[in-house]
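Trainee: If you want the building blocks of each chain, they are given just below.
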Amino acid sequence: MSICLPLFFSAGTERIYLLPSTTMSRTTFFEVEIIDAKTKEQLCFLDKVDPHSTIGDIKNLFYKSYPQWYPARQALRLDPKGKLLKDNEILQNLPVGTTATMYFKDLGPQLGWTTVFFAEYIGALLTYLVFFFRVPYVYSHTYAFTSSSHPVVTFACVCHTLHYMKRLMETIFVHRFSHGTMPLRAIVKNCAYYWGFSAWLAYYINHPLYTPPSYGELQVNYALFTFVMCEMGNLSIHISLRNLKVDGLRVRKFPMPTKNPFTWLFFFVSCPNYTYEVGAWMSFTVMTQCLPVAIYTLFGFIQMSIWAKGKHKAYLREFKDYPSVRMAIIPLIF
Amino acid sequence: MSAAAQGTSKAAHSDVAPKKKKGPGALATAYLVIYNVVMTAGWLVIAVGLVRAYLARGSYHGLYYSIEKPLKFFQTGALLEILHCAVGIVPSSVVLTGFQVMSRVFLTWAVTHSVREVQNEDSVLLFVAAWTVTEIIRYSFYTFSLLNHLPYLIKWARYTFFIVLYPMGVSGELLTIYAALPYVQKSGLYSVTLPNKYNFSFDYYTFLILVMISYIPLFPQLYFHMIRQRKKVLGHTEDYSKVE
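Protein chains in written order, with this note's numbering: chain E, 1 to 334; chain W, 1001 to 1244.
Don't read these hints as lab results, they were simulated from the structure.
Check each hint, because a few of them may be wrong.
The calculated lysine to any residue pairs, modelled on SDA-like cross-linking and capped at a C-alpha distance of 25 Å, are [unchecked claim]:
#: 1; chain 1: E; residue 1: 245; chain 2: E; residue 2: 141
#: 2; chain 1: E; residue 1: 313; chain 2: W; residue 2: 1094
#: 3; chain 1: E; residue 1: 40; chain 2: W; residue 2: 1104
#: 4; chain 1: W; residue 1: 1197; chain 2: E; residue 2: 291
#: 5; chain 1: E; residue 1: 311; chain 2: E; residue 2: 199
#: 6; chain 1: E; residue 1: 309; chain 2: W; residue 2: 1197
#: 7; chain 1: E; residue 1: 86; chain 2: E; residue 2: 123
#: 8; chain 1: W; residue 1: 1197; chain 2: E; residue 2: 75
#: 9; chain 1: E; residue 1: 189; chain 2: W; residue 2: 1231
#: 10; chain 1: W; residue 1: 1197; chain 2: E; residue 2: 313
#: 11; chain 1: E; residue 1: 86; chain 2: E; residue 2: 75
#: 12; chain 1: E; residue 1: 81; chain 2: E; residue 2: 114
#: 13; chain 1: E; residue 1: 311; chain 2: E; residue 2: 134
#: 14; chain 1: E; residue 1: 105; chain 2: W; residue 2: 1228
#: 15; chain 1: W; residue 1: 1197; chain 2: E; residue 2: 199
Across the chosen pairs, the derived CB separations fall in these ranges [what the hints assert, rightly or not]:
#: 16; chain 1: W; residue 1: 1048; chain 2: E; residue 2: 314; range: 32 to 38 Å
#: 17; chain 1: E; residue 1: 309; chain 2: W; residue 2: 1028; range: 38 to 44 Å
#: 18; chain 1: W; residue 1: 1183; chain 2: E; residue 2: 150; range: 54 to 60 Å
#: 19; chain 1: E; residue 1: 253; chain 2: W; residue 2: 1109; range: 37 to 43 Å
#: 20; chain 1: W; residue 1: 1235; chain 2: E; residue 2: 176; range: 38 to 44 Å
#: 21; chain 1: E; residue 1: 317; chain 2: W; residue 2: 1191; range: 35 to 41 Å
#: 22; chain 1: E; residue 1: 108; chain 2: W; residue 2: 1086; range: 38 to 44 Å
#: 23; chain 1: W; residue 1: 1106; chain 2: E; residue 2: 314; range: 44 to 50 Å
#: 24; chain 1: E; residue 1: 186; chain 2: W; residue 2: 1171; range: 31 to 37 Å
So these bits of chain W aren't anywhere near chain E, every CB distance computed over 10 Å [unchecked claim]:
#: 25; residue: 1148
#: 26; residue: 1194
#: 27; residue: 1213
Please read these numbers as outputs of a predicted model, since none were measured by experiment.
In this text, a Cβ means the ideal position worked out from N, Cα and C, and glycines have one as well.
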């Protein structure tokens, strides 16, 4: 059984815990015991912990003794099967005595959301281009580095590429990620999904035997227009969601329509960003008249519906005055 | 806290820690018992059919035809089990059950039924025999469990026979798919080629090869899961024998 001495006196920006001398004379210090949730072995014992410390602070302290487990990898719970403790929870507000026992589980290597999104989107973008430029060995060698005679194939490449460039820009400039990470396994799974589908769609659209849409230019132009509208709509929603979180203060209000007509979809749905995303992919399906694109759109729609329903329920729970006419993702339907 | 609990005991014997597992209600239990009895009977019919056909013909060949219809009926009927999980009257994972049932249905319809030339293969008998014995034991296990009267023999059989039956069934399945390959390739069964209006293609031959390859990671996982289950469920008997 190892007892690690609390390394409270450290250089740099870390908090320093000293016995109260002049200020808070009546502060009761806490003790925190950290136990491995599986083996029940005591991993660390921290004493003289300030009761105003947050779980994040405790994770940092634990990290000093176990440098292989950076805070994002740590899962702390008051009960081995209980709820995960959030980083911003304060020690003295927890249902513990002055000696708190916490159970630790290693979540495995973690990656930030930005890193994950980057990998997913760059991969999807580049994979498509491999097929568009007909890199050798993808199609029969007679077609290597040739280009399709159909304008719609070029439009499709531009649309697909701009779609993912927009997503990359949003990841850098628009999205504000609440402090969170993802386990390494998830990035493998997510990248496989994005890259795999991108390759599958691109294979058929850029194939030498590709058949352009049945209704010709009319179909392509109409679908291209709705695609652009939906992309602009999606971007508008992302920007308005960003403006909800002002300067780090988590202002608790739900999104509302603004002067931008694209945001008027908020009158009807909680997650118009997903609505527009589905719209964009449906447009892409019609524009390319390609069954794999339809299948990809369907998968995306199912996943986004699940997310939208969750978000919608969360809004309903949090705000008593939430507009009742709003649905989750499809206006008037669900 | 104890004072409050005393006043509320009445009919509900709710302890401090209420049991979360609800289990199926009386109607659902009755339905499940009927379902499992019918399935046990169905697979017994298939078993008897196989034995009778063997005795009549005097050889192992071509026994598939004698049980083709009940096999299709009862194996397809197992799709209901996915519904049972989805509705919640059976506490299993919908995904896991779905996967298992769909793989059986796939072999029954998309391989054996669809590729007539393989129906004479001995590998078909191999997996049909494995499935038959497995299902008779499995459905009787469920029946008795639901009636809260599970003979140890059935429990033991369920967690022991698989050791031989599972590899036997997998071998039969793989050999059958393998036998079907040349016919699928020649006839272009279930395949779509370019060019076409929806810009889609599907090669059933390649798909079958991928299915065969998928057995490599999947079979050991499922097999060793059952072995671990066996240790857990049957493990305590070793303690008793040690006492003697």
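Trainee: Indicate, hint by hint, whether the structure satisfies it.
Mentor: Hints versus structure:
Taking the CA atoms of residue 245 of chain E and residue 141 of chain E, the gap is near 53 Å; set against the 25 Å cutoff, the hint is violated. Among the hinted pairs, residue 313 of chain E with residue 1094 of chain W is consistent with the structure: their alpha-carbon atoms are about 24 Å apart, no more than 25 Å. Distance restraint check for residue 40 of chain E and residue 1104 of chain W: the Cα-Cα separation of roughly 43 Å exceeds the 25 Å cut-off, and the hinted pair is therefore not satisfied. Distance hint between residue 1197 of chain W and residue 291 of chain E is fulfilled; the C-alpha atoms sit about 9 Å from each other, no more than 25 Å.
For the hint linking residue 311 of chain E to residue 199 of chain E, the alpha-carbon distance of about 31 Å lies beyond 25 Å, and the restraint is violated. Between the alpha carbons of residue 309 of chain E and residue 1197 of chain W the distance comes to roughly 35 Å, so the proposed pair goes past 25 Å and is violated. Of the pairs offered as hints, the one joining residue 86 of chain E and residue 123 of chain E is violated, with about 32 Å between alpha carbons and a cut-off of 25 Å exceeded. Proximity of residue 1197 of chain W to residue 75 of chain E is assessed by CA-CA distance (about 52 Å); at most 25 Å being required, the pair is judged violated.
Under the criterion of a C-alpha separation no larger than 25 Å, the hint pairing residue 189 of chain E with residue 1231 of chain W is inconsistent with the structure, at around 32 Å. A hinted pair counts as satisfied when its Cα atoms are at most 25 Å apart, and residue 1197 of chain W with residue 313 of chain E does not qualify at roughly 41 Å. At most 25 Å may separate the alpha-carbon atoms for a hinted pair to count; residue 86 of chain E and residue 75 of chain E meet this at roughly 9 Å. The suggested pairing of residue 81 of chain E with residue 114 of chain E is violated, with an alpha-carbon distance near 30 Å, which exceeds 25 Å.
Restraint check: the Cα-Cα separation between residue 311 of chain E and residue 134 of chain E comes to about 41 Å, which exceeds 25 Å; the hinted pair is violated. Between residue 105 of chain E and residue 1228 of chain W the alpha-carbon distance is near 24 Å, which keeps this suggested pair within the 25 Å criterion. With a CA separation close to 20 Å, the supplied pair residue 1197 of chain W and residue 199 of chain E stays within the 25 Å bound. Roughly 57 Å separates the CB atoms of residue 1048 of chain W and residue 314 of chain E, a value that falls outside the hinted 32 to 38 Å.
Between residue 309 of chain E and residue 1028 of chain W, the C-beta spacing of about 27 Å breaks the proposed range 38 to 44 Å. Restraint check, residue 1183 of chain W to residue 150 of chain E: a C-beta distance of roughly 37 Å breaks the suggested window 54 to 60 Å. The hinted range of 37 to 43 Å is not satisfied by residue 253 of chain E and residue 1109 of chain W, whose Cβ atoms lie roughly 55 Å apart. Separation of residue 1235 of chain W from residue 176 of chain E is about 52 Å and departs from the stated range, judged on CB atoms against 38 to 44 Å.
For residue 317 of chain E and residue 1191 of chain W, the hinted distance range of 35 to 41 Å is not satisfied, since their beta carbons lie about 50 Å from each other. Taking the beta carbon of each, residue 108 of chain E and residue 1086 of chain W are about 31 Å apart, not inside 38 to 44 Å as hinted. For residue 1106 of chain W paired with residue 314 of chain E, a C-beta distance near 39 Å fails the hint of 44 to 50 Å. Separation of residue 186 of chain E from residue 1171 of chain W is about 36 Å and conforms to the stated range, judged on CB atoms against 31 to 37 Å.
A cut-off of 10 Å between C-beta atoms confirms that residue 1148 of chain W is not in contact with chain E; the least separation is 28 Å. In this structure residue 1194 of chain W is not separated from chain E by more than 10 Å, as the shortest Cβ-Cβ distance comes to only about 4 Å. The beta carbon of residue 1213 of chain W sits about 17 Å from the closest Cβ of chain E, which is more than 10 Å, so the claim that it is off the interface holds.
The structure shown violates the earlier hints numbered 1, 3, 5, 6, 7, 8, 9, 10, 12, 13, 16, 17, 18, 19, 20, 21, 22, 23, 26.
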